[in-house]
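Number of protein chains: 4
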Amino acid sequence: MIVVMKAHATPAEIEAVVERVQQAGFQAHKIVGVERTVVACVGEERGKEELAQLEFFSGVDSVLPVLKPYKLAARELHPDGSRVDVGGVEIGGKRLAVMAGPCAIESAAQMQGAAQAVKAAGAHMLRGGAFKPRTSPYSFQGMEHEGLLLLERAGREVGLPVVTEVMDPHDIERVAEHADMLQVGARNAQNFSLLRRLGKLNKPILLKRGMSTKLDEFLMAAEYILSGGNTRVVLCERGIRTFETATRNTLDLNAIPVLKQWTHLPVIVDPSHGTGAEALVIPMALAAVAAGADGLMIEVHPNPEKALSDGPQQLRPARFAELMGAVRRVAEAVERTV
Amino acid sequence: MIVVMKAHATPAEIEAVVERVQQAGFQAHKIVGVERTVVACVGEERGKEELAQLEFFSGVDSVLPVLKPYKLAARELHPDGSRVDVGGVEIGGKRLAVMAGPCAIESAAQMQGAAQAVKAAGAHMLRGGAFKPRTSPYSFQGMEHEGLLLLERAGREVGLPVVTEVMDPHDIERVAEHADMLQVGARNAQNFSLLRRLGKLNKPILLKRGMSTKLDEFLMAAEYILSGGNTRVVLCERGIRTFETATRNTLDLNAIPVLKQWTHLPVIVDPSHGTGAEALVIPMALAAVAAGADGLMIEVHPNPEKALSDGPQQLRPARFAELMGAVRRVAEAVERTV
Amino acid sequence: MIVVMKAHATPAEIEAVVERVQQAGFQAHKIVGVERTVVACVGEERGKEELAQLEFFSGVDSVLPVLKPYKLAARELHPDGSRVDVGGVEIGGKRLAVMAGPCAIESAAQMQGAAQAVKAAGAHMLRGGAFKPRTSPYSFQGMEHEGLLLLERAGREVGLPVVTEVMDPHDIERVAEHADMLQVGARNAQNFSLLRRLGKLNKPILLKRGMSTKLDEFLMAAEYILSGGNTRVVLCERGIRTFETATRNTLDLNAIPVLKQWTHLPVIVDPSHGTGAEALVIPMALAAVAAGADGLMIEVHPNPEKALSDGPQQLRPARFAELMGAVRRVAEAVERTV
Amino acid sequence: MIVVMKAHATPAEIEAVVERVQQAGFQAHKIVGVERTVVACVGEERGKEELAQLEFFSGVDSVLPVLKPYKLAARELHPDGSRVDVGGVEIGGKRLAVMAGPCAIESAAQMQGAAQAVKAAGAHMLRGGAFKPRTSPYSFQGMEHEGLLLLERAGREVGLPVVTEVMDPHDIERVAEHADMLQVGARNAQNFSLLRRLGKLNKPILLKRGMSTKLDEFLMAAEYILSGGNTRVVLCERGIRTFETATRNTLDLNAIPVLKQWTHLPVIVDPSHGTGAEALVIPMALAAVAAGADGLMIEVHPNPEKALSDGPQQLRPARFAELMGAVRRVAEAVERTV
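Which chain is which? The protein sequence lines are G, L, Z and U, in order. Residue 239 is where the first sequence starts when you use our numbering, and the numbers rise one by one after that. Residue 239 is where the second sequence starts when you use our numbering, and the numbers rise one by one after that. Residue 239 is where the third sequence starts when you use our numbering, and the numbers rise one by one after that. Residue 239 is where the fourth sequence starts when you use our numbering, and the numbers rise one by one after that.
Hints are not guaranteed to be accurate.
[Said to hold, decoys possible] Not the full set, but computed from the structure, chain L residues with beta-carbon under 8 Å of chain Z:
| hint | residue |
| --- | --- |
| 1 | ILE240 |
| 2 | VAL242 |
| 3 | GLN261 |
| 4 | GLY263 |
| 5 | ILE269 |
| 6 | VAL272 |
| 7 | VAL276 |
| 8 | LEU302 |
| 9 | HIS316 |
| 10 | ASP318 |
| 11 | THR373 |
| 12 | TRP500 |
Simulated from the structure, these hints should not be mistaken for lab results. Computed from a prediction, not measured in an experiment: that's the story for all the values here. No residue lacks a Cβ here, since even glycine has one placed at the ideal position from N, Cα and C.
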């Protein structure tokens, strides 16, 4: 940590900072510059966030952290990248993992249709939402536990592991009974009660980035799960909120190579939420693969024009098959398989 | 709802839209323009979000909603504004409501010191966090239930109602036993499991705006609580996330007069989180009052340089007393009292 | 244009709107809904922005435009996409156009080294900045006219057309004497004096998106040039400003397929500015190609560690050659050539 | 400047950094930490931005600047704040400066009506746009030089100095003949050609913040003018671009107290552009004054419903008089006068 003093800080003010830093167990190096003095603090910064209080000290201009705040998520821990197994599907290896299925689970027929279609096109996992976080209390909120059963059955019939969202910490056990992977949605990316409980679960977690989550905060959210003991975390970029209104969100593909530098966790991309428009899903899925994503999550619905939620961004089965073909070609170009 | 067709939409495409709209129980008015046709749909739009699927129809360019999506939060319901009583303190009337106290509850001595200081300076309610949503799992997470007891006792001793945050739906009952008002933090602004349960509670709720929550989404979050039957909701602007890094958040005071037009719910402002810097709290508190806020939430700590969280934005008691004096003068200038 | 009246608008207020709309030469269709009335206006909206004043009328809630504000940039004008020729290099066809070279022109040796390197690796155009828009007045501002001569000579020697930025409307003629294509930088994306004069020039223009320019505003900036008579405009996505600070900008690749739907103009991508970090340039260049970009602009410097501006985002020649190889493979996967 | 090395940087990599830093004339202090080494560089950082190239060195993680990049704008230069005289009106003193008038100059009658109205209500300066930066080339672009004459005459008749925007560097002289103060608009906030020429002018400048300009970049834009020799610069906050669409811009009032800490330059606020809606102008004007602004710029039009640009945000004369009364009361509450 570097403490930058104000231009006219007095020697007494500087000493007060040095003393406080030493009390916290750090070594303090005072460096006297032309215009100002800085105090460089040597020691383990993490868990010492009370040192941010130094900003409050008289004569202090700013406090600059030097270390990244996450440990278990850091790339250094597994320089070759970690791989997460979900019911036999490996995420993070050379082969891309494609998860596909409807936004919301609506009926047995819809789930069966979706499951057969995505399996036939080559998807590796089946998705579907039983608990739906909807902006409006008057919107369809999901089939809840009945939906979980439909999802589980549809996945089993076609032989695909299933992933679904959990919103309430107290639903975790029940969801985990039926799903192979639990998803944390963008609106819960900093729901720390939920994250902490998922850290105690023995199931892989798909953690979506929040709409306004910076990448270091995203890794701190993963760190909540990892520090609880659950090491099977997969990150998912799904678009951030910006001033641009032409698309529902701004898909931040820069995040892929940055996360690959910072963390060993696998990173997949959801171009359906990242764009909000069916016509944009294929080009952005290809872009994600070219940028180095370890997989994709794609919304596919047998009849998107009848969907109970997010119809405009769901692909028909034929379009999804087209997507898989194109993804295969781009994957090969970057030395991956599908 | 207005459905805008593409420039070269065929008559058959237009008819398909008209038919779908009528099936949903709307009247459809077709208006043929110079370049394109629009279909105006007359009827109750809320709860019919499946009509967003029209965007998926062939020949459709875009779908523009006409009605606001909230009902119970709408200004029309109580054109004079609603007032919320919290343990005898009225929020939303001519008198401003000032809530003050430390970011986190740390000890009995700290809470007593804070309570006496804010009471002496004229605050109307005591705040303090027992459950702390922290970005890092390695940071102080709050004193939890022990903290609730300290808060309740400190409030009772000085005769101030207390407000504190709840993060987990399953803590609601226990928190409600000790607090006069429950706060939903910015990170849970779209935690719908939490909001839905608070709709069933017989206690007033302080709902903070999320870091990237648009104002209409903010009112939809309130609508979750209101539609559950709990009508005592107070909104709190606390800063949004933007590109500007000079301050922790960008306090969006435009939100006050906009919300006053759109909703009957009282609106208060938290300049401590809205700026993240102690030196900015007083000017922004005054600005909030001048813009028409119904109250303020201010972080006050007896020894901010020893605080376990968010020290740099907490005021010392003497500065808080100064703030109250200045707020009083500005409040009078805009015909409010403190 | 759709005028939405307030819930309690009076018949007189509605009539006043209808009258104003008719005065402006539109037909007005009044549609009486359950909660509110809307007035649909049929006619040519563009150039009638005074109708935005209707928002000021008593009883009016909002005014929703129906038509896109641009004409000459609209896809409908050239449904197959337009192609721009720059000194024999076609942009917008099946073959990608790659422009490469240093951020700033620094010396004859640097330009020759860069020109030979990018030519050898397969680039189609040479870039280099003679006038540099720098945030600080104390930073290197470019070699100006001397730089233009070096750029022109280096391009001629290796047989590549050259592109360079123009910042001041009154430099246009001099820059046009030496460059094959003139670039408008992100900070001048809404410098309408500059755009208007470029509309009168007989040279192709590379128009970069501004840091906070929405896509429809981007096309309106192009429309300034097109409406002056210059139809040779190429758009360049180069990253937008968001809350994320892990990268210098957030490269918005969603913009590519959106622009391809909205406009016939070619679209290229600048991953050097879009990321600000050399290590991210290759993955994001590949992503841009996979998403459908018509070309790339890449910063290449013979000695980036000695560069006078933006060193951290410039590639060494060997890395650029690696990029070209990878781009070629991804281009083939999406049926393009390089 | 602080250079943070990567966790596994080799001694040779560290030495290379130290050497480069010393070559640039800095002292280098090497601090060996638990996980990583940092190199603290002592010396004048400004104008040495080539040291950002250190990020490119092998083994370097990041480079953190310590000094603010501006000098002449820095508060330290004039700790009591500077005052700018515009035709006898002082900006930056105890008395607020209110500039008012129409968005665009449209006719002699309109300008006279506006001038008399704003003078009668107590404004200190007259504003009006002769050159209008419009998003669409098809919109009214201003009366240009004819408009300047109307503005000058209207100001002279009522005895108010006038301020107007200049967009093209080559119009500066002509505009300066007729105006007492020249305004740089938000879209030109980083038009460095324009800023540099204004640095040579002997007239006060009103510099508006750009839509996505960070506060330190805003001060660097001012530094361009100051470093040219023109010390009479007034800053104007006018709203930034964020995800919120309820208002045209997000007025960032946090900027006022931050700028007051960082710079000696006076700061005024434009709530008309900052909100885009007439009904929000008064509350936000009051908020700006309460937050410490040195003045206001308000759009006033005799007949806003007939305005040729930005009608919805312009006040009628009667509303402006109401604003002035309310501003006077809030100003007194914060010990300012009007």
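Tested hints:
1. Given hint, ILE240/L at the interface with chain Z, holds; its Cβ is 5 Å from that chain's nearest Cβ, closer than 8 Å.
2. Taken as an interface hint, VAL242/L checks out: its beta carbon lies about 5 Å from the nearest beta carbon of chain Z, inside 8 Å.
3. At a threshold of 8 Å, the smallest CB-CB gap from GLN261/L to chain Z is about 18 Å, leaving the interface hint violated.
4. The interface hint given for GLY263/L is violated, since its Cβ lies 11 Å from the closest Cβ of chain Z, which is over the 8 Å cut-off.
5. Checking ILE269/L against chain Z by beta carbon gives a least distance of about 5 Å; that is within 8 Å, so the hint holds.
6. Against a cut-off of 8 Å between C-beta atoms, the interface hint on VAL272/L holds, since the closest Cβ of chain Z lies about 6 Å away.
7. Residue-level restraint check for VAL276/L holds (minimum Cβ-Cβ distance to chain Z is 6 Å; threshold 8 Å).
8. Because the closest C-beta pair between LEU302/L and chain Z is about 5 Å apart, less than 8 Å, the hint holds.
9. Interface hint at HIS316/L: violated, since its Cβ lies 14 Å from the closest Cβ of chain Z, which is beyond the 8 Å cut-off.
10. The beta carbon of ASP318/L is not positioned within 8 Å of any beta carbon in chain Z (closest approach about 15 Å), and the interface hint is therefore violated.
11. For THR373/L, the interface hint is violated, since its Cβ never comes within 8 Å of a Cβ in chain Z; the closest pair sits about 14 Å apart.
12. Nearest Cβ of chain Z to the Cβ of TRP500/L: about 11 Å, over the 8 Å cut. The hint is violated.
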